[in-house]
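As you go down the protein sequences, you meet chains V and P in turn. Residues 0 to 252 (numbering that gives the first Met the number 0) make up the first sequence, in order. Residues 0 to 312 (numbering that gives the first Met the number 0) make up the second sequence, in order.
Worth flagging that the hints you see were computed from the coordinates, not collected in a lab. Take every hint as true, because none was put in to throw you off.
Capping the alpha-carbon separation at 25 angstroms, the derived lysine to any residue pairs in SDA-like fashion look like this: (1) K128/P x F19/V; (2) K98/P x G18/V; (3) K50/V x T120/V; (4) K75/P x R5/V; (5) K164/V x T42/P; (6) K129/P x G18/V; (7) K130/P x N170/V; (8) K98/P x V114/V; (9) K129/P x I90/V; (10) K164/V x G38/P; (11) K178/P x L164/P; (12) K75/P x F95/V; (13) K98/P x I90/V; (14) K75/P x L247/V; (15) K98/P x P94/V; (16) K75/P x G85/V.
Residues per chain are reported as follows:
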Amino acid sequence: MHPVIRLVNRNLTISLNMGFLIWQVIFPLIYIFVAGFAYTALIHEVPFANKRLDYPAFIASGMIGFNIMNSTLVSGIIIWNDRRHGMFEQILVGPFTRAQYILSNVYTIGIIGLVSAALITAVGYPLFFKSVEFNVLTIPLVVFASVTGSILFGSIASIISTRLKSSEGFNVIINTVFLFFAFVSTAFYPADGAPKPLAIAFYFNPLTYLVDVVRAGIFGNFNSVVELEMLALACGSGILFMIATKLLSRLEL
Amino acid sequence: MSCIEATSLSKSYDGIVAVDSIDLSVSTGKIFGFLGPNGAGKTTTIKLLTTLIPPTSGTIQILGIDAIYNPLEVRKRIGVVLQQPSYEPTLSVERSIEKYAMMWNVDRKLQKERVEELLLAFDLQDIRKKKNDDLSIGQRRRVQVAREFVHDMDLLFLDEPTVGLDPSARRSLLDYIKKRVREGLTIFFTTHILDEAEYLCDEIAIINKGKIIAVDTPTELKNKFGREKTIQIHIGQLRRDLSVLLQGINDYQIDYESGTIITIKSHSSEDILLKILQILTVNEIPIEDLSVVPTSLEEIFLTMVKNSNASSD
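So here's chain V without its partners, still in its complex pose (with noise of 0.2 angstroms):
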């Protein structure tokens, strides 16, 4: 068996135990089938391209792509857990070497974003499927989001995780990150109506381009803008790959 595929075999094993799995199915659970019907009463339609969404289905979509930046940003940890419990060097000094651990942390955090897109898509298709709009881009860009998006939140948890030493520092950094990506964001609401400075530090996050190419697929509505978030989310993931595999290289042991 390949090194890259047995490392990646282990940061499965130790990532996906049940606490994990919980908070990846309970909590988009949660946010789809009670602040989604709950917030009908308030909300009840959603503008979206030439569609009126309802809540439900609207949130739904916005659920996979939290959810991929979820369990992305949950599996960057991998990095600081292993520092801290010394797998880091152990792996080190065993068969493998640091551009195999690299690579294995991204197929693992890619394996883990793709299985949370999956999930949640089929969880919140009764939700969206009346309005879905199958096309030959459908998959494609889901497909091209979940990957894209958790490389991009993969790496930013790799960062924190490379440049933090206490366990306190770096639970209230993640945390904080957690907090502005998943409320500064068009994932629970959208960018049009809400006051313009809020519309504006909604495009500064990478979850509302990830969220928005989702529902691009998902309902339909490939345009010039949706290229452009595409085009940002690649170059995104791309530049904070290259930073995190700069800082994990140079990693001190």
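Given the structure of chain V, go ahead and fit chain P onto it with the hints provided.
Below, chain P without anything else, positioned relative to chain V:
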């Protein structure tokens, strides 16, 4: 045949020399002890030899492979138990050893056999289902050491493997190491517990301030550096006048804890003993007990480190 050959090996961090031009040669099938006080350069040397960090200068051959240019080839054939704990907190003891075997590409059928063997050898059967996070420090250390034996290797680096172990676990580990060495494994072993080094090692190197100050077998080290003998004469009565009687004799000390104890510590302890015995006989002072304290590796270690510090200051 040499398993480890290092020449003029140095490592500096921000201008501070952690390892200073050391030469090492470790024979195949032996246990090589690496001793030194805290901060002497032991762990840095292990990190260099295990390819974890590159040297500032010098050469390293491990199992005949150039470790600087082919680090991965070296790592495929060695095992390393680092000084710091390393564990997967969410996995059980059994599962963490299994996963470690998988990471080392151990054949699946062999994995099961070896896991069972190690659980038994390291007395981990009762805690096999316990998560690593729930183990005591000593139990976790046992798992960490046991885990390393799950894969094939020619050379094993053990950086203070007995830290946190109780005496019986420590003895079991040392005996297990001896068994594996009889089967052909070579061990590079660092410890602070000098009795362990004496019990286990075929050869010992002492490092201080990044430099190796002695390399030899424990017996030869004692012969070379343990010339100072300690002899104790126990007198039943309290004789406060003894220091006056022994005037003119050097290298002895008198304690009045239980009766009177004269301790001679010198390169010529036998000559001093004869002089003291003469004085005691002339003054009709009865001797209750006379004993020779054998020189321990610990004393040699302490003396050598002290001398080395004095000469470098």
